[in-house]
Each structure stands twice: as C-alpha cells, then as structure tokens.
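Peer 1: Chains as they are written, first to last, in the UniProt record's numbering: chain A, 1 to 551; chain B, 1 to 186; chain C, 1 to 108.
Simulated from the structure, these hints should not be mistaken for laboratory data.
Certain hints may be false.
Unchecked claim - Here are the simulated DSBU-like pairs of lysine-lysine, each with C-alpha atoms no more than 35 Å apart in a straight line:
no.	chain 1	residue 1	chain 2	residue 2
1	A	Lys248	C	Lys10
2	A	Lys97	A	Lys436
3	B	Lys134	C	Lys61
4	A	Lys167	B	Lys134
5	A	Lys167	A	Lys97
6	A	Lys215	B	Lys64
7	A	Lys97	C	Lys61
8	A	Lys167	C	Lys8
9	A	Lys165	C	Lys10
10	A	Lys476	C	Lys61
11	A	Lys37	A	Lys476
12	B	Lys64	A	Lys167
Stated by the list, open to error - Negatives, chain A to chain B, calculated, CB over 10 Å:
no.	residue
13	Val77
14	Trp95
15	Phe139
16	Gly208
17	Arg218
18	Ile253
19	Arg275
20	Arg443
21	Thr498
22	Ala503
23	Arg524
24	Tyr548
25	Ala549
These figures come from a predicted structure and were not determined experimentally.
Every residue, glycine too, gets a C-beta built ideally from N, C-alpha and C.
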Amino acid sequence: MYVYDEFDRAFLAERVADFRDQVERRLSGALTEDEFKPLRLMNGVYLQLHAYMLRVAIPYGTLSSDQLRRMAHVARVYDRGYGHFTTRQNIQFNWIKLEDLPQAMADLGEVGVHGIQTSGNCIRNVTTDQWAGATPEEFDDPRIWAEILRQYSTFHPEFTYLPRKFKIAITAAPKDRAATKVHDVGLRLHRNEDGELGFEVLVGGGLGRTPFVGKSIRPFLPVRDILSYIEAIMRVYNQFGRRDNIYKARIKILVHEIGAEAFAEAVEAEWANIRDGALQLTDEIIDDIRARFLYPDFAAVEDQPAEMTAALEDPRFATWYRNSVHRHKVPGYSIVTISLKPVGAPPGDATADQMDVVADLADAYAFHEIRVGHEQNLCLPNVAQKDLPELWRQLDAAGLATPNVNHVSDIIACPGLDYCALANARAIPVAQEISKRFADLDRSRSIGRLHVNISGCINACGHHHVGHIGILGVEKNGQEFYQITLGGRADEHAQLGTLLGPAVSYDQVPGLIEDIVDAYLELRASPKELFVDTVHRLGVEPFKERVYATH
Amino acid sequence: MPLIENGKLAPDRFTRVADEDEAGQVPPLPASTPVLLSLDRFLKEEEALASTNVEVGIIWPNNKPIAEIVPYLPRLALVALNFPTFRDGRAYSQARLLRERLGWKGPLRAIGNVLRDQFLIMSRAGFDQIVPVKDADAQAFDAAMHSYTVFYQPTGDGRKSLLRARLGRSATRAEHDGSKDRGATA
Amino acid sequence: MAAPQQQKLKVNGPVAVTANRLADGAVVWRTAAGGWSTALGDAAVVTTAPEAIALLEGAHKRDTDAVGAYVAPVILGDNGAVLPGNLRERIRVNGVTFELPASTLPAA
Numbered sequence: 001m002y003v004y005d006e007f008d009r010a011f012l013a014e015r016v017a018d019f020r021d022q023v024e025r026r027l028s029g030a031l032t033e034d035e036f037k038p039l040r041l042m043n044g045v046y047l048q049l050h051a052y053m054l055r056v057a058i059p060y061g062t063l064s065s066d067q068l069r070r071m072a073h074v075a076r077v078y079d080r081g082y083g084h085f086t087t088r089q090n091i092q093f094n095w096i097k098l099e100d101l102p103q104a105m106a107d108l109g110e111v112g113v114h115g116i117q118t119s120g121n122c123i124r125n126v127t128t129d130q131w132a133g134a135t136p137e138e139f140d141d142p143r144i145w146a147e148i149l150r151q152y153s154t155f156h157p158e159f160t161y162l163p164r165k166f167k168i169a170i171t172a173a174p175k176d177r178a179a180t181k182v183h184d185v186g187l188r189l190h191r192n193e194d195g196e197l198g199f200e201v202l203v204g205g206g207l208g209r210t211p212f213v214g215k216s217i218r219p220f221l222p223v224r225d226i227l228s229y230i231e232a233i234m235r236v237y238n239q240f241g242r243r244d245n246i247y248k249a250r251i252k253i254l255v256h257e258i259g260a261e262a263f264a265e266a267v268e269a270e271w272a273n274i275r276d277g278a279l280q281l282t283d284e285i286i287d288d289i290r291a292r293f294l295y296p297d298f299a300a301v302e303d304q305p306a307e308m309t310a311a312l313e314d315p316r317f318a319t320w321y322r323n324s325v326h327r328h329k330v331p332g333y334s335i336v337t338i339s340l341k342p343v344g345a346p347p348g349d350a351t352a353d354q355m356d357v358v359a360d361l362a363d364a365y366a367f368h369e370i371r372v373g374h375e376q377n378l379c380l381p382n383v384a385q386k387d388l389p390e391l392w393r394q395l396d397a398a399g400l401a402t403p404n405v406n407h408v409s410d411i412i413a414c415p416g417l418d419y420c421a422l423a424n425a426r427a428i429p430v431a432q433e434i435s436k437r438f439a440d441l442d443r444s445r446s447i448g449r450l451h452v453n454i455s456g457c458i459n460a461c462g463h464h465h466v467g468h469i470g471i472l473g474v475e476k477n478g479q480e481f482y483q484i485t486l487g488g489r490a491d492e493h494a495q496l497g498t499l500l501g502p503a504v505s506y507d508q509v510p511g512l513i514e515d516i517v518d519a520y521l522e523l524r525a526s527p528k529e530l531f532v533d534t535v536h537r538l539g540v541e542p543f544k545e546r547v548y549a550t551h
Numbered sequence: 001m002p003l004i005e006n007g008k009l010a011p012d013r014f015t016r017v018a019d020e021d022e023a024g025q026v027p028p029l030p031a032s033t034p035v036l037l038s039l040d041r042f043l044k045e046e047e048a049l050a051s052t053n054v055e056v057g058i059i060w061p062n063n064k065p066i067a068e069i070v071p072y073l074p075r076l077a078l079v080a081l082n083f084p085t086f087r088d089g090r091a092y093s094q095a096r097l098l099r100e101r102l103g104w105k106g107p108l109r110a111i112g113n114v115l116r117d118q119f120l121i122m123s124r125a126g127f128d129q130i131v132p133v134k135d136a137d138a139q140a141f142d143a144a145m146h147s148y149t150v151f152y153q154p155t156g157d158g159r160k161s162l163l164r165a166r167l168g169r170s171a172t173r174a175e176h177d178g179s180k181d182r183g184a185t186a
Numbered sequence: 001m002a003a004p005q006q007q008k009l010k011v012n013g014p015v016a017v018t019a020n021r022l023a024d025g026a027v028v029w030r031t032a033a034g035g036w037s038t039a040l041g042d043a044a045v046v047t048t049a050p051e052a053i054a055l056l057e058g059a060h061k062r063d064t065d066a067v068g069a070y071v072a073p074v075i076l077g078d079n080g081a082v083l084p085g086n087l088r089e090r091i092r093v094n095g096v097t098f099e100l101p102a103s104t105l106p107a108a
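Excised from the complex, chain A in its bound form (with noise of 0.2 Å):
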C-alpha cells in the first residue's frame, strides 16, 4: 500500500471544502449549472437518470481494507446499499443526493479516497495492472511510477482545461491486464539491452465512436524523464488538440490528423525544452515514493502446502482454485480474483455487506490489500496458499466465488440505459440473460476463455472494440438494437473487433451469442484453440453463415 502523508491529507482535505463551496454556491445560485458542472465533474460527480452519480478513483486499482469499508459506509449511508466498479479502476455510486455529496467525500477524505479528477477535461485516474506487486512477470511495481503520475496530474494549473479527457495506464509486465494499448498514453515498462527501467510510450488509444489502437511514440523513456515526457505531450495537446467538436476532441483523433510521426516530432522538441527542468526525477525522489509503499511481511512457507493439496479434492475448491487462483511471485502465496460476476447479477456490483466481507477477509488473510481490475473484478492479490480453503469458505458463504473468472459469463458492461443519461440502449440486463445461458460452469469452462463486452452507446465505456465478443446498443426507432462484433481484444495483441452483420433486437441478443459460441465449438481447431484465436484464424465469415442461418 502506498501510504498518504500530511501533504497528501492536507490537499484532500482542502478539496472537500472547495467542493463543499462550491455546491453551497450552485444551491445559491451563484453558480450557474453551465459553471457548476465542469468543477463537479472534476470531483467526479455525474448527473444521470435518477439521481447524481459520484465516482470515486482507486488510484492503480489497490484499496486498503479501511477504505473499502469507508466505501461500504458511502453505500449505505448516502446511497442504496451497494457500489459499482468500472473498467477503469473507479466505484460508482448510483443515488447520492448533491446535498450530501460534501459530506460524503469527507468521509471518504478521512481514509484518502476521494473522486478528483475520476471526470471532466483533465488527467484522469491513472490505471494499471491489478496483480502489480504480485505477479512474478513484471519488470517493476508499475503503481510507483502511476503514484508519481498521480501526484503530478493531480490540480495540474496547466492541464486542467484540456480539448477533451486523458486517461494513462501503465503494464510493466508482457501480459498487458491493463489495457494501454487502448488508452490516450499507454506506458509499457520494461528493461532496454543494458538493464535500465524505461517506457514505451504509446499515444492516440482509445474507443469510444472513433477506436484506434495506440502508437509508439518512443520505444524507450528512461524512468527519470517520464514526467517531462508526459508533460512534453500534454502540451502539445492542450494547444493543438481539437477544440471545435466534441467529439474530435481526444487525442487519438490529432494524431490521426497530423500522424504520429508529426506528433512525436513535435513532442520530442517540445521535451527537448524540458528535460533537463524541475520534472527530471531524481534517484532520491524515486526513492522517496518507493518508500510509501508497504509490501506485506511475507513469511518463508512451504509452497503448495499439505492443507491446500488436501483441499483439493473438493471439487468445488478445485474448480475455483483452477478458475481464480494465480502464481505469486513469493513461493506459498497466490494472487486471487474475486468474481463480481455471479450469474444473473449486475457485472461490477457488489452490495456494501460484501464490501465489508471482503474487507475483513483481506484483513484476515490478505495483508489489509484489495485490488480492482478493468474487468469489473476485485483480487486479494497477496494470500497465503494455506489460507486459500478458508478464504474460499467464506467468499462462498458471501457469493462472491463464482469460477468463472475470464469465462463467458465473466461479462464486462457499462450502467447503460438503466443508469446512464448517454445511453441509448441497455446492457446490465443483456449481461444478465447472457450470464444465465451460460450458468452452467462445466459448459462455461469447456467454452474456455471468452471475454464478452456490452456498451449501451458508442462511447464505449464497456469497451466493446475490445470484446472478444463485442456487443453495442443503439436505438432505431425507439426500439434497442445491438451490433456485435467479433475478436477484439485488449490485451499486448490490442485489436479492434470486426462487425458480424445486421444488428438485432433485445430479445435475439442472448440467442445469437448461444450461436456463436456454437460456431466456435464446432470451428475450433482443437479444445486449446482459444476462442478469440479462432476467429483470427477464420475471420467473420464462418460465424456469420452459421449465425445469421439460424436468425
């Protein structure tokens, strides 16, 4: 856990009475909405369809268990009882009152959680991996380098205002969980020929109604320059991104126009400027941040202990030990995701109950740590092999261990039309119909990994480019239709999904996927042909003819 100083809390604080201002100036009437809304989304306050919408950033996606019970508190107490977890390492709360929302960020000021800068024009939450600090692939702890960025984005004076929103990620393993191939920056950490930490930079990712997959810009960034370097690109953008439509606004869409060569080059000169400057991060100043970070006093235990080994004659622990249990990089523990996908529920939610059981089986077995993945899962990401049937016993017990981990019904969605102002279609209950045909998990595994993501419009906030199987509601006369489309993926392979054909109603969606997974058991070259591998090899074509003969 990085942990907050005086510094960090004082901001906090300060921010809270800024906003607690500010909402008495709007309630006044001193503020017009026009005015208002910028600065409340910047505290990542939202107006849906039922109610305001406050979102609140899990920097890097790691949360202590004092904060995520402080977020079960917010859930009851200023909302319904329960919590949305985004695609971007954020919670949502669904019905909090504008009247009640200087308090409840106070609450959770008090335990360093906070909504800045989870909305508006400015440099959003930075994201990364959730197993950081856990897995043994990675190069580094890529939530140093994300806390440094988060530091340095945070109430940047000059980047406050940009065209549009900038969202980073960092992997600094090969296996990219966090996406940054489909962001506005992507960070790659890795070491060059002679040993040393760096960065590929990737810019112009992104989904939304004009998807790209990112661009290198540099294939390595020596550690110290990043800040400059990212400073060196938020300028050029500021001054050269598109401010005329909205919907040009991102970055992806000036470095489309100009290139990415006409773009690195201007970043590049622009950085030659600042390098050597005050953002040229010092070993000291590295140090410094790395010392925030708490690691978990990990004892020296027996790897694949005899209570685990044993426990494993259960068949249901082993299905969910093989489903969502994963190597650690200390011998003895494991990473373990906690699905927030049981079958026929909203993909994301969890009810503040199950906030408050998670958070004291982290206490209990976890070293106080959670993690959120872009996958709408949570991860307990240090745990002792020996504790794993105990562990497993209670997520049980709190439904909240279904193995179906990266398994079809392990479906990415947006709020869509139930929530949300922008949609035009629906989605949480699409995910629900979907997960029920796939309940059955001995089905579901022989189908294998499957990742099915549902946006309700094409701002793509459940990023249907990058489904495997990607499903996009649209409305055509008042009526709800989605497209779908086939072998996306957002992992170090990025790509963007192909169109299957004609969109169909609400009622056809559920169906339709049946018959794709159909097509694919029948086309598959063999059980360890991964669905998405599939349709690489095949193309469309084939799912196309099998499908739409049925419809």
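Here the structure of chain A is known, so what remains is to put chains B and C in place on it, guided by the hints.
Peer 2: Chains B and C only, in chain A's frame:
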C-alpha cells in the same frame, strides 16, 4: 469589469480599443493613455505606435503559437491572454511558455470568461493580472487564492513542488508509523 | 443518437417537460402552474411545438430548482393517466429494469 493586479483590486490604466465599433468604424487610438489592442489592430498600427511613447498591450490569440510573440515583446507593456470560455485551457500553456521559456517579466493578464474557481491555477501558470467576469468573484479573490496550500507539481511560480518539498524533511520521515497517529485528515 | 437535450424540437403527439431536481437529482416534471412535481401525473401535457417551447422556457428560468430540462414524449392512457412515452422515460419513472443488488447478507 474589475482588475486584480498582483492580488489587489486596482484601476486599469489600459484602455481597451476595439478593432471596430458598432457602426463598423475603426475607433481612433487615444493620444496618450496606454492601450490594449488585438494582435490584428496592433499590427496595423505598429508603425504609428512606434513614433509615440504610448504604452501598448496586446491580446495574443489563443490559437496562435505563443513563441511568435517574441519579436514584439520589447515594444509591449502588457500581454493579455484570452479564455473564450473558462473550459478552453489553451492560454494556460501559453502563459507558462511566455513566463518560463520566453522570459516575459512584464504584466500578464487573463481576460475573457475568467471565474473564481480558476484564479489559483491562473496564478500558478504565471498570470499576475486577472479580470474576473463577476464582481463577487473579484471580492472573493483572496479566499480563492488561499483555498489550497499543497501543490504537487512545479511551475514557474516559485512554489516548491511536493515531490521536492518532501525531500527536505527526510529526517522526520516516520510517515508509515505516523500516518495512523496523526489522524486521517490534516 | 444525441441525448434528448441536444435534439431539435419536433412534437408529434403529447409531450411534457422533464428535468432533474438540483438538490437531489430526482426526476421532476414541469406542471401547468409553473412548478415541478415528482409525479408524472402532475405534468403539463402539450401537443404542439410552441406550447412545448413555452414550457421549456419557463423551466429554464430558474436553474436552482431543476437542471437539464428537455421535452419528453408521454402517452395518454385511459381515464386521463399520463404514462412515459419511451423506454428511457419509462426507466426514469419506474426505475431500473432489473432488481437492485439487495443486501441479503447479515450486516457485518
């Protein structure tokens, strides 16, 4: 509209002269008072102005690279940057570049849709003159400027950024243990 | 498709003006008396663009009461009942179309 100069309400010595008046005529420049002109008007009058001692300020367009202002700087007594709406943040970059790279030490004025909630970041970007739209915002200037004491990143405003400010107190860095004792909020 | 707020005003059938209350975001409907009500049944229902524009202009006069006002279709049911005219408005009036995650576990 009120002018705040270096933190205090001040009379505006400069007369803003439009490019055209309502009748479509080009209004004459006042003979001896300082004037604030658009870049276009300034370029048209450059020669005439050169023969006078009138102090001149220009409004630099926010879609024109600020580096192009350099040849004119020696002639200028004021630079104004424009916020057509408070959501258009291009002038923050222009202000920082003007101060931190192009070396402008003279007055730098924020004009346009200038509101209270942006005063502090304008100041951090290098503006020392602010022309708020609302009188009430001008009255609240001091409070708005002091709403924060913590600054995470360096600009040219001389404030120590947090990344560096922390280093000076490394002797007392028992923050891991201390964070609980000190209470959650400062 | 743009959100309703951004659409050009076309009125083909009965409509009402709706918004969200400033203080708590609740869905409210513009009444004939020039106020706001949380009950759709209290809404002023009109059928022509000029009437709808007049309602909307009234709604925009004070933005400390309600925000984001726009014209929404309604359906006139039997015995004068006013019903939401499309899925979006049905959801705004009746709530989400699935069960909210219930806190079924014993409190921790």
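Peer 1: Which numbered hints are broken by the structure, listed smallest first?
Peer 2: Hints that this structure does not satisfy do not exist here, as all of them hold.
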